[in-house]
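Here are the chains, one letter per residue:
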Amino acid sequence: MLAAFLPLLTFFISLFVPVKPAGKGAAAIFNIGLSLILSGALFLKVWNQQSFHFRIEWVTIGDFTLYTGILLNNLSVLMMLLVSGIALLVHVYSTKYMQGDPYLHRYWAYLGLFCFAMLGLVIADNLLLMYMAWELVGFSSYLLIGFWFTRHTAVLANKKAFIVNRIGDLGFLIGIMITLTQFHTLDLTELFGSNGLVANAVVKGGMWQSQAGMMPAGWLTAAGIAFFLGAVAKSAQFPLHTWLPDAMEGPTSVSSLIHAATMVAAGVFLLARIYPLFGDDVLLIIAITGAFTAFMAATIALVQNDIKRILAFSTISQLGFMMLAMGTGAQAAGLFHLVTHAFFKCLLFLAAGAVIHEMAHVKDKQGIAFDPQDIRLMGGLRKRMPVTFATMVIASLALTGLPLMSGYLSKDSILINAFEWAEGHSGLAKLIPYSALLTSWLTAFYISRLIFKVFFGELRLEQELLVHVHIHEAPSAMKYVLVVLAVFCFFPAFSLNPFLFEDAWILKGFPVTDSMTRVNLFHTIIPLAVNLIAMLLIFIAWLWYGKQQRKPDFSASGLFRFAEGQWYIDQFYTNVLVSGFVSVSRLVYRFDRVVVDGLVNIFARAAKALSVMAAWTDRNIVDRIVNGAAYLTGQGGRFFGHFQTGRLQHYFVTMLLVVLAFFIYKYYSGTI
Amino acid sequence: MSLLSTLIFLPLLAGVLILVMPSAWQSRFKYVALGTIVIQIVLSAFMYMNFNADLAGVSDQNKFQLVERLPWISIDLGGLGKLQIDYFLGIDGFSMPLLVLTSIVMLVAVLASWEIKTNLKGYFALFLLLDTAVMGVFSSLDFFLFYIFYELMLLPLYFLIGMWGGVRREYAAIKFFLYTLLGSVFMLLVIIGLYFSVTDPKTGSHTFNMLAMMDPANYTAGSIFSVVSKQMLLGVPARLLGFIVLFVAFAIKVPVVPLHTWLPDAHVEAPTPVSIILAGILLKIGGYGILRICFSIFPDAAVQSSWWLGLIGVVSILYGGLNALAQTDLKRLIAYSSVSHMGFVLLGIASVTPEGISGGMMQMISHGFLSSMLFFLVGVLYSRVHDRQIPNFRGLALLMPKYTAFVMIGFFASLGLPGFSAFIAEAFSLIGAFTSENVNGFLPRWMAVCGSVGILLSAGYLLWTLQRMFFGETRLMGGEEWKLALTDVNPREVIALSVLAFLGVLLGVMPSLAFEKMNSAVLELIRLVNPQ
Amino acid sequence: MIPLSHFMIISAALFCIGLYAVLSKRSAIMILIGIEFMLNAAILNFVAFSRYDKFAAGGQTFALFAIVLAAAAVAVALAIILNVYGYYKTIDPTQIDQLRD
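Protein sequence lines correspond, in order, to chains Y, G and D.
Each residue of the first sequence is one higher than the last, beginning at 1 in the working numbering.
Each residue of the second sequence is one higher than the last, beginning at 1001 in the working numbering.
Each residue of the third sequence is one higher than the last, beginning at 2001 in the working numbering.
Treat the hints as calculated values from the structure; they're not laboratory data.
Every residue, glycine too, gets a C-beta built ideally from N, C-alpha and C.
Take these hints with a grain of salt, some might be off.
Said to hold, decoys possible - On the chain G side, residues computed to face chain Y include the following (Cβ under 10 Å):
#1 Tyr1319
#2 Tyr1336
#3 Glu1437
Starting from the given sequences, assemble the full structure and let the hints guide the process.
Printed below as a string of structure tokens:
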């Protein structure tokens, strides 16, 4: 647990302790290093041995008590080791890469927050805690993408990243609600452990029944899709992948840590954690999504010119592979690829970062405006940055999946599993392994295009801008990080047998859920097919981009533009969904002002009109009556006042008349 | 004099003190107010510490705490029986957290009152009167007393908005006043109806005692609101009608769509401290009233209408969120976000599940802190340049880094980032609403699913605002003049904001601090509403 | 024997003369005299009717009583007239009309 909280300490130290940036960097590295050591110790203790579960009471609501705690099993210690290891390397790398940035303390703080959240995510023992860490990871990613907040594109990108991730979070939350309702617990072990609640729940007669409750069977699928939606957003799968290329606006070190190695893998991790929940239909959806995303992203990566964007789409594509593995039941293979991918993609990004660093350096020094990430301006860097070149090539080979490399093992395991899985399925599912195969060839082509364009030929910047530039090797802190990572791209780190993925130790750490029969044919044909054609493609790429020989010009073709426009998905979102949403909201606001508030105002006006009428009535009728009565009284008074002359004799006359009248009356009335 | 009475009448005393102080001491009024509220905080903290979480309250006087019951008005009306109104106070798990919330929000409001420059004597006197009224509302258990405090609240607010407000302050003040009054007038009818239906089992006379109203046995046979006799009124069951009338009265306060339109106007025109009080406390009176009065006195009607309540909650969440997205005035945006956030309260309450009601209560507390924080932040900006149109600002992060940090905390907290109280509150409200179909069948599951989209919307409008106002290169409509005026937050503001941010985080990390205190009350209420 | 009607005719004549004086004279003294006339007309009637009451002679007695009272009343009235004169410098009743509205 301490391992997870150390980076949080970094966060606070960096924010609140007034030390100069270098000191903070050192503190951050120390903390994450300590985390790594602790993770290593835990790894040795837990891996393939007893899992460790510790929890405390957190909240009691009603009769329901929510516990919180940590769960260490194979999956979490592996991820811990991976996260803290790569984080340490990136920390070291950052000391040079980010040197001189005026907001460096924020950088260390955010990085610390991220590591805390990521470690928290992998060791959380219940879904709610995991969700919290999940969102915190997204939040720190938001902060880091928008690290250079004065750049307009950066803040647009981080907003997009967070909101798109929020869509996924929504799915996660709905999944949690369904799980909690159905099982009355969120504890991972209780839910998904062997013989856990999920395993014991059955679908019977259209109802999904567990010990704690039941609901219509549709909700089981809904839960699976909801959790998968979370994973889709976090792991940048179609259709929620658009945030990841934009997220490249953040510092490259961040891209490598968060958007290549760790955070984006969290979706895959989530799927692995809750694997028993998925039914066959959901798994099929996962597989199709993964395969489609892998293919789509690979085609886009073929034609991009921004070095980081190519890598970003490559990441999306590789994540698609992992999803595919998950969907085809090869949970272990997916995780294996997650680990190998983390190393080589991190390396690719860091090496690209080194290149960008130098190019940006040139840009600052020469004072000329150009895009330091554009591969069309690079070239020939092989001689100037030999270490970077070498490490990047190693990583590319691993990505392509050539033998002796780690990628070979993991990618082949996925492919072969997919083929084996397709044996048992029909229809669209048959296409999945073939599309994956195609994707892996595309991978070989786009990454070699990148390598050849950047490192071979002549520096096109000099030719285009007519300047002489000095580009040299990256600083040593960066260089050694690259080398360390490169070591992990080779097979021995994962398996002693370079050709047979089944020997990989990671695969043995996870339950193998294959009911599929091992088809030996696949185990030889597929690697062979992959590698032969991949090498052929690399050769073509060398001819076209390395040797600068004439190459067919595709740039006018519709497919090219379609890919270059990133399948126009992003445009669709911006132009249709986002603006649609905003105009709907404006409409709603108009509605609110005009109709709802209008009603209130009409009500007020009606009341006012009524009151005017009432006032008129009051003045002209009610008051008239009152005044009339008063007037009559006054007139009467005035009339009778005339009798009051004040003269005695008049009074006497009156008295006489009255008496006379009385007598007359009495006389005629008969009686006296 | 006991604790609750002290809590209620201390501000009134201080207000009188301010009134008799000579006007020459104007500059000291705020310190008097501040001191009063600090004492109040100490008292309420003491109350919180000594609160016995095992006593449920809700409908049993013996399970209330700090009970004060003095006969107040007792007149023999001959044929109409005896009029009995008690000075009856007490707290349980629902009112105690809100009392604590009130005293803290009042502190922030006082700190925000530093910006008020005119007619300080009247201002602080009214302010403290308002404080008294609010405290009274939260702790009275006699319906008549409740109503008095409830109406007493309107008066100072009307003047505070109408005299110290913005350009269209008269319109806003009158709209606010009439809107609320409309609700409470009808409430009075129901109160009287209840009075004639309920007899105190001990004295045999009619009573305004809320707790007596909660027991079906106390209703006179054949009376209008009697549970047994099922009277009809205008073709609607009388109890349902009574529930609806009371609900509308409180729903105006909450506010729910479509009774919300007073809120944006009142917020936009009100001075910052009043906005803080409005959002931080007054909206909670609506939710509190629904729990304490609507649900407890008319449980049968509540069960019947819970589907509609849930629907109104969901509509409020989505409608408020969409409206917020369309705003260009920062304060109006936050006002609409309040509508959206208070929708969660209603949704949670309507589910009548422990998670839902606790979540709703938590949302009230959390929204109390966070909306106060947001309005305070708007006030900081407005006090510097007298403008709060979002398009007029850009890149404030460079000019005011600390301010931006607080804004980010406030925004992310209220969009429900884990680690902040709003997350816990919203998550549990939604979970409650979702489980409802399994537990009691009141709300369908799609309501929770639709409600959760509100979380997405809140991320949308808050982040968009953040991007538009705070990030990018600095560009201001007022040019250099604004640049000079926009200084970073000062220590007073830092204190106020830190208190709120700290509480938001504290409740987010240790939600049991609040849940634990209200748990037994929540369970008791559920037992009352839905005995199973 | 003189019939009763003669007495009554004289009495009515006296009353009418008195009434005329009261209503038409412009001097308070003359009005007073008119009042005396009317009073004496009434006394005359008392005396005349007393012949039906020979033993108790109530009419005679009452006539005497009335004469004494009239004398006292005249004294008071004259005093009032004197005071009125002192105040208004006139005893013409048409001039003294302050009670008019």
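Determine which of the earlier numbered hints do not hold for this structure and return their numbers in increasing order. none
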